[in-house]
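Q: So the chains spell out like this:
2 protein chains.
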Amino acid sequence: MKRIRIILEYEGTSYVGWQIQPNGVSIQQMLTDAIFGVTGERVNVIGSGRTDSGVHARAQVAHFDTQARMPADKFAVALNTHLPPDIRVLYSAEAPPDFHACFSAKQKQYRYTVQLGPHARVQTRNTALHLHTVPSFDLLQAAAAACVGTHDFRAFMATGSKPMEDTRRTIFSSEWSQVGGGSKPPPYWRYDVAGSGFLYNMVRILVGTMLEIGSGKLPPEAMTRALTGGARDLAGPTAPAHGLTLWRVCYPDFDTEDYLA
Amino acid sequence: MKRIRIILEYEGTSYVGWQIQPNGVSIQQMLTDAIFGVTGERVNVIGSGRTDSGVHARAQVAHFDTQARMPADKFAVALNTHLPPDIRVLYSAEAPPDFHACFSAKQKQYRYTVQLGPHARVQTRNTALHLHTVPSFDLLQAAAAACVGTHDFRAFMATGSKPMEDTRRTIFSSEWSQVGGGSKPPPYWRYDVAGSGFLYNMVRILVGTMLEIGSGKLPPEAMTRALTGGARDLAGPTAPAHGLTLWRVCYPDFDTEDYLA
Numbered sequence: 585m586k587r588i589r590i591i592l593e594y595e596g597t598s599y600v601g602w603q604i605q606p607n608g609v610s611i612q613q614m615l616t617d618a619i620f621g622v623t624g625e626r627v628n629v630i631g632s633g634r635t636d637s638g639v640h641a642r643a644q645v646a647h648f649d650t651q652a653r654m655p656a657d658k659f660a661v662a663l664n665t666h667l668p669p670d671i672r673v674l675y676s677a678e679a680p681p682d683f684h685a686c687f688s689a690k691q692k693q694y695r696y697t698v699q700l701g702p703h704a705r706v707q708t709r710n711t712a713l714h715l716h717t718v719p720s721f722d723l724l725q726a727a728a729a730a731c732v733g734t735h736d737f738r739a740f741m742a743t744g745s746k747p748m749e750d751t752r753r754t755i756f757s758s759e760w761s762q763v764g765g766g767s768k769p770p771p772y773w774r775y776d777v778a779g780s781g782f783l784y785n786m787v788r789i790l791v792g793t794m795l796e797i798g799s800g801k802l803p804p805e806a807m808t809r810a811l812t813g814g815a816r817d818l819a820g821p822t823a824p825a826h827g828l829t830l831w832r833v834c835y836p837d838f839d840t841e842d843y844l845a
Numbered sequence: 585m586k587r588i589r590i591i592l593e594y595e596g597t598s599y600v601g602w603q604i605q606p607n608g609v610s611i612q613q614m615l616t617d618a619i620f621g622v623t624g625e626r627v628n629v630i631g632s633g634r635t636d637s638g639v640h641a642r643a644q645v646a647h648f649d650t651q652a653r654m655p656a657d658k659f660a661v662a663l664n665t666h667l668p669p670d671i672r673v674l675y676s677a678e679a680p681p682d683f684h685a686c687f688s689a690k691q692k693q694y695r696y697t698v699q700l701g702p703h704a705r706v707q708t709r710n711t712a713l714h715l716h717t718v719p720s721f722d723l724l725q726a727a728a729a730a731c732v733g734t735h736d737f738r739a740f741m742a743t744g745s746k747p748m749e750d751t752r753r754t755i756f757s758s759e760w761s762q763v764g765g766g767s768k769p770p771p772y773w774r775y776d777v778a779g780s781g782f783l784y785n786m787v788r789i790l791v792g793t794m795l796e797i798g799s800g801k802l803p804p805e806a807m808t809r810a811l812t813g814g815a816r817d818l819a820g821p822t823a824p825a826h827g828l829t830l831w832r833v834c835y836p837d838f839d840t841e842d843y844l845a
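If you're matching them up, the sequences are chains A and B in order. The first sequence begins at 585 in my numbering and counts up one residue at a time. The second sequence begins at 585 in my numbering and counts up one residue at a time.
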């Protein structure tokens, strides 16, 4: 028996999300089926965390145990022959037996992409939120900066989530940047956030709140008020799933960034 | 009556190509229907040229005549409300009455994208040809350079094309470039070719020939031999459609590059 860890990328558009669900096809299901195709074993594939329906991954990490004799580094190519083109395993290797894709994770990074301009562009129609009107970049940036540090993020958790004992999380970095084109404003703005962990829908509610602040629908102090007040209705709406991508996962002995070009 | 010219982008994956055909949905059909939705008129939409099934456009140009009173520059947004997300009109304006999207075109540019590496990446699965093995960049580049100038390209025309009187075309530039990543080799290689016009399947056969030369299946002199010999079987195979994108169209009074970010 050995433990395999993999890095995979996917476009979440066609899936109900990471987790196996009765009402549609999940990434976890596709992976489980692909592993069965390769090894003949029905295994439990554990991800670093769930991604919602429509959310993408540039670097999701998962692990599973197998008795197959195939060398660990051959799993990536082998699994890809059983996966559709919108899911790719980019890396596979043997992991220490106590490695756990979810519980061992020390840091995660997400990126949320916004596309500005009069028309929703074809190339990023599934991976960026199109905005007709340009928010204030400075207001977005100030609201993002207010999230850095250790806070109780309960206002940024989906209503209906099961109650959690500890809704405190630490955000290491939280920043907007502008990219692309010679046009003004640059057509793509990205929000990158790295933290110790994230509550359910937390990144999307952070983005929804920042976009309301950036467009003047909420005052600049709304972010701090929601962080200190702790009530869901102090924060903004949940931004659409399709702009969000799981960007990077770090473990004590393993950082996805070291394995991606 | 006024003549409208538009710039549109599309991902060709889901379409039978530009031209209206009985056996599937075409870009031209979608545009014709969208114009009907906006103006109530059934018009003939003329493109700068046909793109094959699976071929994409970053900047296709088309024109049509309308009696609608809507200002010409409002057509882009109006048409987009009637188009699916994989087709976008990026620009619309009134054109001189003698402008013709096909016959007035003076120069066209195509880009063919190749993705290298062990796994076909998710993001470019529909827009780049994945190659497992790395061709010789120098051999590709030398073969590309051999195409520049005025040649009889009949060896690079699909067999079964209707006979043409003049198969001479002028290639202004023909060049490979490497982009992306800090990895070696860079994961994306692009072939950019600009010419006075192109025969049916010409760019794809040029690429197919260069890739055979780059991988040693054809000798370096195969390109010149096909250009001088003129027989289809002197050239290589037709490269897959999905790596090809119509990149730019130039007219005496109009260059798509001036309108794209």
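Quick caveat, the hints were computed from the structure, so don't treat them as lab data. Keep in mind that the hints are not guaranteed to be accurate.
[Claimed, not checked] FRET-style restraints, in silico, Cβ to Cβ: (1) B:G621 <-> A:H716: 46 to 56 Å; (2) A:Q691 <-> B:A704: 23 to 33 Å; (3) B:A704 <-> A:K690: 24 to 34 Å; (4) A:E678 <-> B:G764: 22 to 32 Å; (5) A:M748 <-> B:H716: 42 to 52 Å; (6) B:R634 <-> A:P681: 56 to 66 Å; (7) A:P606 <-> B:P747: 57 to 67 Å; (8) A:P606 <-> B:D657: 47 to 57 Å; (9) A:D837 <-> B:D657: 53 to 63 Å; (10) A:D736 <-> B:P824: 45 to 55 Å; (11) A:G800 <-> B:E841: 42 to 52 Å.
[To be verified] Covered by chain B, per the in silico footprint, the following chain A stretches (three or more residues, Cβ under 8 Å): (12) 654-664; (13) 682-690.
Cβ atoms here follow ideal geometry from the backbone N, Cα and C, with glycine treated the same way.
Q: For every hint, state whether the structure bears it out.
A: Hints, verified against the model:
1. B:G621 <-> A:H716: 46 to 56 Å: violated, 20 Å
2. A:Q691 <-> B:A704: 23 to 33 Å: holds, 29 Å
3. B:A704 <-> A:K690: 24 to 34 Å: Taking Cβ atoms as reference, B:A704 and A:K690 lie about 31 Å apart, which means the hint holds.
4. A:E678 <-> B:G764: 22 to 32 Å: Given range 22 to 32 Å: holds, Cβ gap about 29 Å.
5. A:M748 <-> B:H716: 42 to 52 Å: holds, 46 Å
6. B:R634 <-> A:P681: 56 to 66 Å: Given range 56 to 66 Å: holds, Cβ gap about 58 Å.
7. A:P606 <-> B:P747: 57 to 67 Å: holds, 59 Å
8. A:P606 <-> B:D657: 47 to 57 Å: holds, 49 Å
9. A:D837 <-> B:D657: 53 to 63 Å: At 57 Å between Cβs, range holds.
10. A:D736 <-> B:P824: 45 to 55 Å: holds, 53 Å
11. A:G800 <-> B:E841: 42 to 52 Å: The hint (42 to 52 Å, Cβ to Cβ) is violated, given that A:G800 and B:E841 are roughly 35 Å apart.
12. 654-664: Three-residue rule met by the segment 654-664 of chain A, so holds; n is 3.
13. 682-690: violated (count 0)
Hints 1, 11, 13 from the earlier list are contradicted by this structure; the remaining hints agree with it.
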